[in-house]
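Undergrad: Protein chains in written order, with our numbering: chain Z, 1 to 164; chain L, 165 to 973.
Rather than coming from a laboratory, the hints here were simulated on the basis of the structure.
All figures in this text were calculated on a predicted structure; none of them were measured in a lab.
You may find that some hints are simply not true.
Said to hold, decoys possible - Label pairs and their calculated CB-CB ranges: (1) Val393(L) / Ala163(Z): 57 to 67 Å; (2) Pro22(Z) / Pro257(L): 43 to 53 Å; (3) Phe130(Z) / Gly227(L): 50 to 60 Å; (4) Pro22(Z) / Thr455(L): 45 to 55 Å; (5) Ala232(L) / Ala15(Z): 34 to 44 Å; (6) Pro257(L) / Glu126(Z): 33 to 43 Å; (7) Glu16(Z) / Ala753(L): 38 to 48 Å; (8) Asp713(L) / Pro22(Z): 48 to 58 Å; (9) Arg33(Z) / Ala192(L): 36 to 46 Å.
Beta carbons are placed, not taken as given, at the ideal position from N, Cα and C, and that holds for glycine.
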Amino acid sequence: MGKKMHIQMTVNGKAEEFLAEPRELLIYTLRERLNITGPHIGCETSHCGACTVTLNGKSVKACTVFVAQADGSEITTIEGLGTPDALHPLQVAFKEHHGLQCGYCTPGMITRATKLLEENPNPTEEEIRFGMAGNICRCTGYQNIVKSIKAAAAEMNAAKEAAE
Amino acid sequence: MKDEVESREDRVGKLKGLGCSRKRVEDARFTQGKGNYVDDIKLDGMLFGDFVRSPYAHARITGINIDAALKVPGVLAVLTAKDLEPLGLHWMPTLAGDRQMVLADGKVLFQGQEVAFVVAEDRYAAADGIEAVEVEYEELPVLVNPFESLKSDVVLREDTVDEDGAPKDGAHGPRKHHNHIFTWEAGDRDTTEQVISEAEVVAESDMYYHRTHPCPLETCGCVASMDKVNGKLTLWGTFQAPHAIRTVVSLISGIEEHNIRVISPDIGGGFGNKVGAYPGYVCSVVASIVTGKPVKWIEDRMDNLMTTAFARDYHMTGRISATKDGKITGLHCHVTADHGGFDACADPTKFPAGFMNICTGSYDIPTAFLEVDGVYTNKAPGGVSYRCSFRVTEAVYFIERMIEVLAIKLNMDAAELRRINFIRKEQFPYTAALGWEYDSGDYHTAWEKALKAVDYEGLRAEQAQRIEDFKAGKTRKLMGIGLSFFTEIVGAGPVKNCDILGLGMFDSCEIRIHPTGSAIARLGTISQGQGHATTFAQILASEIGLPADSITIEEGDTDTAPYGLGTYGSRSTPVAGAATAMAGRKIRAKAQMIAAYLLEVHDDDVEFDVDRFVVKGAPERFKTMKEIAFAAYNQAIPGIEPGLEAVSYYDPPNMTYPFGAYVCVMDIDVDTGVPEIRRFYALDDCGTRINPMIIEGQVHGGLTEALAVALGQEIAYDDMGNVKTGTLMDFFLPTAWEVPNYETDHTVTPSPHHPIGAKGVGESPHVGGVPCFSNAVQDAFRPFGNVHTNMPHDHWRIWKTAHDLGLHG
Ligand code: FES
Ligand code: FES
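Bound conformation, chain Z alone:
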């Protein structure tokens, strides 16, 4: 067991502060320490994306980030994207277009997709497929995930236009 470190981070807008071994992985911190169980574990080797969160504005796989590396960071998980009364357009679109089945990949998928649409608000199908290639889904065959993301992009762009 290593010496514990003093860690501070903001998760879904809430300030957190605790002592942790530096070897603790961020996914463990979120799921076990902070009870944020939306992000899942599918591989712990950066391949599946089930653990995807947004860390300081970038999509990262929380299974391969040490908590020590995340000290001082700002993190958003699926829990921070929408509320039951005001869902994120991606949350709506995934349901509407059957973009999920067992739901295990879904939090990581949607969290990644929010970043993808920030980076590229109007992606082509190819860009979506490439941009989502770090997130594996075993159930859907991706076709409806692509459809969901496209629909959400259209929705978000229309809302933006209406606001302007």
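Guided by the hints, dock chain L with the ligands onto chain Z, whose structure is given.
TA: Relative to chain Z, chain L with the ligands alone:
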């Protein structure tokens, strides 16, 4: 009343019943990160257990020292076989009638085998504890090839031989050799041999259907909590069959079944991986009893790929005979089945090779014979149905390859060869040469529709041109057209011939209608992404006339759900779906009596109409199901008990036989071996369609898993028995980037014996998809002399095929 002016169509629409692409009720929690999977469960004082695993594939264990591990901060206990032996739990029964070590009892038989169970305060402490356990191994000769295993003097399992070293009988009869598990036969050996020896044309092929793994995104796991005060054990876990797990736990632990509660929470995909009983479950239960605290065990991905539930690993040899003009006369199939160190296949008891005897496929083959030999090797146990119904994937791959091989021999178009051999519509119900009675089908219509949709002739013309261009040096890409026509056998199954550990494979549904006209229904199955909460409510809505949105579906808690055999082998809709419809009909029968009483007419004078009972000939006189529900609870009706509830246990009279026609068009770069899927057309006939949106989703998913298996996914071993594909780095799971868009289509041929005519669809695309992708690859090389190459067709193997055929100049 507003209701009276509503059209019948509006009333039907409101129910969101059969045939409606109803959006899924499950999705709200999953899209908001509020699913409740087993690893999300947290209990006070919960501990974490994890395994010390064997680095060797075959070794004797000469010593285990746990002293250092027990000194690691946070480690509470270390269990070994010695600790389990007094409880009789160091071995456990498998679903296939064999036994499996829970913790290594003197030796290990595969890499990754469970040797000791470390129980600690958290995962990190458990990992530290595992590091500190010292195990001494003495290596033994390793057998990874079943053919060598059958010749070897090395006895893999000492419990298979008597004192003189002679093989003892196994669960399925005599053994031919000490490493032999069973022989299973179907059909008529002598007639088949005779037909083939006298045939005008015989085609032969050896094929290896490689070992792979279902690999759902969520691994297996459980939380065991023994409440010593009340004597109750609660076990949460990734169980595809919670009731069967309860019975097994009771039988092996001696805890009375009423004191065991098994709960399957949300499950992150199963695909067959979560049917079996694994050492982790047993060890967690024991650890909870020993420590008095809840114990969680969750596999990591390596554990999952290396130890729980491989699929396939069938070495198949086929001979198919025909007349000169292509009419098939006979089929012979021999399988050498590699079962690994323990026979832990998840098949109905009487079917040690599953439903492999569906291998005559969709064709009217008068004579056939199948023989399967199961063999022990130093590989992980399993043999589960990976998105298929008990070896159907192997069977369909076998016949769909044999058809292609025969077409080559006959120099005939493979689509035409299929057409002239299909079982004809008027032959149903059709009894196949290997014993199954196919319930219904219209193969010719489906085939014509598929070929027309893809312009089959146009594709063949384009392919011919491509070959010209290739030969002329104008392109380095070949074009392959993959065909497959499959018949599945799902919905296990009739209690008369299907059981698991003696438990008949019926299923069940219990319905309670609430006074205000909503309802809860509980089933013996468990969803792992199939959307049961959505679709079963639709079946009920159509049966009982209450909106699907007012019906809660609950599964997976053995304390509340009626007994059922769970979800796998596409059995939920054929069996539990039927139970749901039947229970709904019981509700309706009682509702009819209540309606007649309220309307002051005879029972026979009212009839059901969408959401109400109406007086025959007087549609303005009616009682809605909502009104009837209330009356059931607030009126004293002479001769009728209060309340409105029903339960049905459904024993299916037969399996259901979904079918489909698939076409894949592929371009293959002969220099890189990279296949590009240009088009994939899938026509499925799953009988009555409950929710088209969900069916389509199942087809997309099943095809993608088929693509994976055909084009690269495998569990490979080296000669030392080391797993070469133990992480997602090496084990191929396709991403959005590799997967095409699929075109889906359908015909509808209802099952004649199922209450609503539904057949099940979850596995069809996988079963039909694998041979379709494989046939596309093989078809591309057919003009250059390819007859058969084994899967998985990864880039290297495709390149190698091109190379061996001399296409690299
Ligand atoms: S769990 Fe992090 S990428 Fe798979
Ligand atoms: S919905 Fe199951 S893994 Fe994506």
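Undergrad: Does each hint fit the structure? Answer for all of them.
TA: Here is what the structure says about each hint:
1. Val393(L) / Ala163(Z): 57 to 67 Å: Given a distance of about 59 Å, which is inside 57 to 67 Å, the answer is holds.
2. Pro22(Z) / Pro257(L): 43 to 53 Å: 45 Å, holds
3. Phe130(Z) / Gly227(L): 50 to 60 Å: Given range 50 to 60 Å: holds, Cβ gap about 53 Å.
4. Pro22(Z) / Thr455(L): 45 to 55 Å: 29 Å Cβ-Cβ, so the 45 to 55 Å window is violated.
5. Ala232(L) / Ala15(Z): 34 to 44 Å: 41 Å, holds
6. Pro257(L) / Glu126(Z): 33 to 43 Å: The hint (33 to 43 Å, Cβ to Cβ) is violated, given that Pro257(L) and Glu126(Z) are roughly 51 Å apart.
7. Glu16(Z) / Ala753(L): 38 to 48 Å: Violated, at about 58 Å.
8. Asp713(L) / Pro22(Z): 48 to 58 Å: Hint holds: Cβ distance 50 Å, inside 48 to 58 Å.
9. Arg33(Z) / Ala192(L): 36 to 46 Å: 26 Å, violated
In this structure, the hints that do not hold are numbers 4, 6, 7, 9, in rising order.
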